[in-house]
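J.: Put together the whole structure using the sequences plus the hints.
First to last, the protein sequences are chains A and B. So the first sequence is numbered by our numbering: it starts at 27 and just counts up by one. So the second sequence is numbered by our numbering: it starts at 12 and just counts up by one.
None of these hints come from the bench; they were simulated from the model. Every residue, glycine too, gets a C-beta built ideally from N, C-alpha and C. Take the hints with a grain of salt, since some may be wrong.
[Said to hold, decoys possible] List time: in silico DSS-like cross-link candidates among lysine-lysine, alpha-carbon distance up to 30 Å:
id : chain 1 : residue 1 : chain 2 : residue 2
1  : A       : K32       : B       : K127
2  : A       : K213      : A       : K121
3  : A       : K201      : A       : K153
4  : A       : K32       : B       : K212
5  : B       : K230      : A       : K32
[Claimed, not checked] Restraint-style ranges between C-beta atoms, simulated for each label pair:
id : chain 1 : residue 1 : chain 2 : residue 2 : range
6  : A       : K76       : B       : E218      : 44 to 50 Å
7  : B       : G34       : A       : K32       : 24 to 30 Å
8  : B       : I169      : A       : N94       : 38 to 44 Å
9  : B       : K212      : A       : P197      : 33 to 39 Å
10 : B       : E82       : A       : N120      : 45 to 51 Å
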Amino acid sequence: MYSQYKSQDETGLLRETASQTAGPFVHIGLALEIAGFESRSDEIWQDLAKENAEGEHIELVGSVYDGNGDLVHDALIEIWQADSHGNYVADFDNKKPFSGFGRSACAMDGDFYFNTIKPGQVDFDGKSMAPHINIAIFARGINLHLQTRAYFDDEETANEDCPILNRVPSPVRRKTLIAVKESNNGKPRYRFDIHLQGDDETVFFDF
Amino acid sequence: MSQNYPYFVARDRAWQPAQYTPGYKTSVSRSPRQALVSIQNASPSERSGPVFHNLDMGQHDNDLLMNFRTEGSQAGLPIGERIVVHGRVIDQFGKPVPNTLVEMWQANAGGRYRHKKDSYLAPLDPNFGGVGRCMTDADGRYRFRTVRPGPYPWPNGINTWRPAHIHVSVMGPSISTRLITQMYFEGDPLVPLCPIVQVLKDPEAVETMIARLDMAMSKPMDYLAYRFDVVVRGALQTYFEE
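T.: Structure below.
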């Protein structure tokens, strides 16, 4: 056939297609307004929650830093989170009050931004994971996207009991996964800065 | 409430590119120095993911010959080699991945991106945007119509050129299967010279990114076709989950 697909591992499984960096112009395809494009009829973007969405409305913001401490201005960020009851709702729909998936980009000022709700606790293995938001980072210089989680600094007890957070062997490094609460004119805002390398390097997961 | 999400075949990180690949200079300061923390037993957070069947697609979202038009005297079709890029999204077991979002973006025929930060001297094409998206059908098939992108220079080595490529983004059934790659064209002599291609150690892994000329799907007197299949991580059955 014409498929390029011949590659199998020793068990006969097909090999996953190789990953490549999203490159410097990822916004053209996945963050049109940052590239200076007109939006299409319906876009996947940074407002996960409409005003009538159930739950506590929050903002999640942050910057991405490289190993020199310089801001990464061209990263694309994707998040995936549960609703306020701790359920994952697969259907993405901009006409609904809440969707669990969103995208943002570190624009010229360096910050990514999400308007969302604080997720509920998700059950896992007879336990409960602390509220968290799954984050994927794509950018020039990143060959295979990096995966992390943002937890919340006002969920201390739940964080201490979280089975996934406790898999991070270094308690010091666990702190890199905790978003810090601020306030934006009364609206709760959590700051989650991502350090790709070096001092305070963020924990990245393999799963 | 516990939904029965699938587990996925572990990602082979020896097959996939390492993060630190000094031949590709930007990776040097953007790669973690600490080991990844393995979530041995993935939770519902990793095993679930969004589906986009309710995303409103425009009529020409997968047709880059038609989805960016200029008004006035320059109105028309983009300049370049007319091609169809099509293929299937399947998993490692060969099972089709239906109703999944496939997105792509690319430079124009001269290697110029329609992005405010691209300053390459090759001109923009007034009738070419370079962005497309579609959903796979019940058999995992997708299809775009576009022009073949041109190679372009970039500041890595003194004289480094990207091979012609199309960026391809696939979600798959979960955030575990999320993948962004680049599709290259069969026979392009720039492919083996490229530091971004060379982040892959195994030549077989490079082959997974090379689209094949597909004369059978071309249209006489109209366009050529390239076939590009994407394999995402295999979904495992969960017979023994409590």
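J.: Take the hints in turn and mark each one as holding or not.
T.: Hint check:
Taken as a hint, the K32(A) and K127(B) pair is broken in the structure, with Cα atoms around 39 Å apart against an allowance of 30 Å. Note on K213(A) and K121(A): the hinted pairing holds, with a Cα-Cα distance of about 23 Å set against a maximum of 30 Å. The hinted pair formed by K201(A) and K153(A) meets the criterion: a straight-line CA distance of about 21 Å does not exceed 30 Å. Note on K32(A) and K212(B): the hinted pairing holds, with a Cα-Cα distance of about 17 Å set against a maximum of 30 Å.
Of the supplied pair hints, the one linking K230(B) and K32(A) holds, its CA atoms being roughly 26 Å apart against a limit of 30 Å. For the hinted restraint 44 to 50 Å between K76(A) and E218(B), the CB-CB distance of approximately 45 Å keeps it satisfied. The beta-carbon spacing between G34(B) and K32(A), approximately 26 Å, falls within the hinted interval of 24 to 30 Å. In this structure, I169(B) and N94(A) break the distance hint of 38 to 44 Å, their C-beta atoms being roughly 23 Å apart.
Under the hint 33 to 39 Å, the C-beta atoms of K212(B) and P197(A), about 35 Å apart, fit the expected range. Against the hinted window of 45 to 51 Å, the Cβ-Cβ separation of E82(B) and N120(A) comes to about 28 Å, which falls outside the hint.
Taken one by one, the earlier hints fail for this structure at numbers 1, 8, 10, listed in ascending order.
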